[in-house]
Amino acid sequence: MLPQNVEVKGKRGRVLTQGFLTDVDVPSEERLTVQVDVSGMSDVEHMNWVRSIQDLLRFIDVEYHVAVTGKSSEKTNLRRRSVRVRYVKDSSGKQIKIAAFHPYPSMLVNRLKSIRHKVYDVLNEFCLVLQEERVGRMKRKLYFLPAGLAPELMLRIEELNYQLEDLKGKISEFEESENFKAIMKRVAETGVELNFRANLPPIRVSPVPLSLSKQFFMQYVEEEKKKAFLEIDEAKRRGLIALEREMQRKREEMLEALKRNLQDRFATIIALAEEAVKAAAKGVNVNSRAAAKRLERLSRLIENTGVEFDEKPFKALSNVLSAINSKDAEAIKAAVGELAESLGVVPSGDPVRDIEMASRTVRGKSVLLFTID
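Start counting the sequence shown at 1; every next residue gets the next number (this note's numbering).
The hints are simulated quantities; they were obtained by calculation from the structure and are not laboratory data. Misleading hints may appear alongside valid ones.
Each computed DSSO-like pair below joins lysine-lysine, with the alpha-carbon atoms no more than 27 Å apart [unchecked claim]: (1) Lys327 x Lys315; (2) Lys293 x Lys327; (3) Lys282 x Lys315; (4) Lys118 x Lys141; (5) Lys139 x Lys181; (6) Lys250 x Lys141; (7) Lys282 x Lys139; (8) Lys293 x Lys278; (9) Lys315 x Lys259; (10) Lys250 x Lys278.
Across the chosen pairs, the derived CB separations fall in these ranges [claimed, not checked]: (11) Asp264 x Glu189: 46 to 56 Å; (12) Val284 x Phe196: 45 to 55 Å; (13) Pro202 x Gly40: 54 to 64 Å; (14) Lys94 x Ala290: 45 to 55 Å; (15) Glu165 x Ser82: 25 to 35 Å; (16) Ser42 x Ser114: 50 to 60 Å; (17) Lys312 x Ser82: 31 to 41 Å; (18) Leu142 x Phe196: 16 to 26 Å; (19) Lys170 x Glu246: 48 to 58 Å.
Treat the numbers as computed from the prediction; the structure is a model and nothing was measured. Think of the CB as a built atom: it goes at the ideal place given N, C-alpha and C, for glycine as much as any other residue.
Whole structure, please, built from the sequences with the hints as guidance.
Printed below as a string of structure tokens:
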């Protein structure tokens, strides 16, 4: 059976894929980075200065960790803080030497990283990726948020903003401390006076309403065609034909991206099941609850996206994960055989071979699991 509290409906009637185009802005640890021009120092001087900053930051890490937790940490004692030095060109084209580091305890920097990761975990739970592009070293993604999941996503983002506000308070508190002043004093040894304060804007989700339903697209085109006919405007009619063609192309492109993202997520869960089945076959004690949780989230996402899909592989995969948790070899064999058969693979009776074939079939995109009209 499917994960508890998840109802998966198979074939639907007309599909109405409605929701929001969603972009997100979330502050990264780069906003906690100071950049110091050390061009005026010789190589030996700047290397000694970097070591002194690293030692100071490491000492502050230990002190802050003890103050917050009440416990010392050998691991914290041994960890060396990073100070990156690189050559860049200034606005006039002159090459200068820049040292970059976080003038805050690692606990605060890592907490911001954690909040950022949680934001993207939430997006991956509630959204599908419509588009992905690389900008420099960064990947920029455009998400599709199903309408039915929007309130819950916004609530989760609001909770993360509360965590961010609490972190901002801790950072401001540290900026008033003697340790922060000591760091800025060490920076001043380079000849650079910094009045640095972290600026962490709130997490912003920018939802733009979007309907990918065929009915919505066609209704708009038909209304415009009627207007052009009444106005006896041949040029406008030709323009509408071109518009209709381009709208249909873009719609199909976005729908294909949704299907591909759903397929990839399903393939990932089957890959996790494959690892678990192989481990169980070797007598290793495994737990498939994490994979079952992913399947539950995917099932909910599909239901709110409004796509037609074949429910058999989902039920079969759920049965595989349940069988793995039961540690019943015969149940695993039967469930894996059911999964293989649901994907068009003839079961061999060997669960390891069958799960490999099922996983390969889904990765190869040879089975159309999802249909969007």
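A quick look at each hint next to the structure:
1. Lys327 x Lys315: Holds, at roughly 19 Å.
2. Lys293 x Lys327: This hinted pair holds, its Cα atoms lying about 18 Å apart.
3. Lys282 x Lys315: 25 Å, holds
4. Lys118 x Lys141: Answer holds: Lys118 to Lys141 is near 16 Å, not above 27 Å.
5. Lys139 x Lys181: 36 Å, violated
6. Lys250 x Lys141: Holds. Lys250 to Lys141 sits at ~17 Å (cutoff 27 Å).
7. Lys282 x Lys139: Given that 27 Å is the threshold and the Cα spacing comes to 39 Å, the pair is violated.
8. Lys293 x Lys278: Judged against 27 Å, a Cα distance of about 20 Å means the pair holds.
9. Lys315 x Lys259: 19 Å, holds
10. Lys250 x Lys278: 42 Å, violated
11. Asp264 x Glu189: 46 to 56 Å: Check passed, 51 Å falls within 46 to 56 Å.
12. Val284 x Phe196: 45 to 55 Å: 51 Å Cβ-Cβ, so the 45 to 55 Å window holds.
13. Pro202 x Gly40: 54 to 64 Å: Cβ of Pro202 to Cβ of Gly40: about 38 Å, so the range 54 to 64 Å is violated.
14. Lys94 x Ala290: 45 to 55 Å: Since the Cβ atoms of Lys94 and Ala290 sit about 52 Å apart, the hinted range of 45 to 55 Å holds.
15. Glu165 x Ser82: 25 to 35 Å: 27 Å, holds
16. Ser42 x Ser114: 50 to 60 Å: Once the Cβ atoms are compared, 39 Å apart, the range 50 to 60 Å for Ser114 and Ser42 is violated.
17. Lys312 x Ser82: 31 to 41 Å: With a Cβ separation near 51 Å, Lys312 and Ser82 fall outside 31 to 41 Å, so the hint is violated.
18. Leu142 x Phe196: 16 to 26 Å: 33 Å, violated
19. Lys170 x Glu246: 48 to 58 Å: Holds - the Cβ-Cβ distance for Lys170 and Glu246, about 51 Å, lies within 48 to 58 Å.
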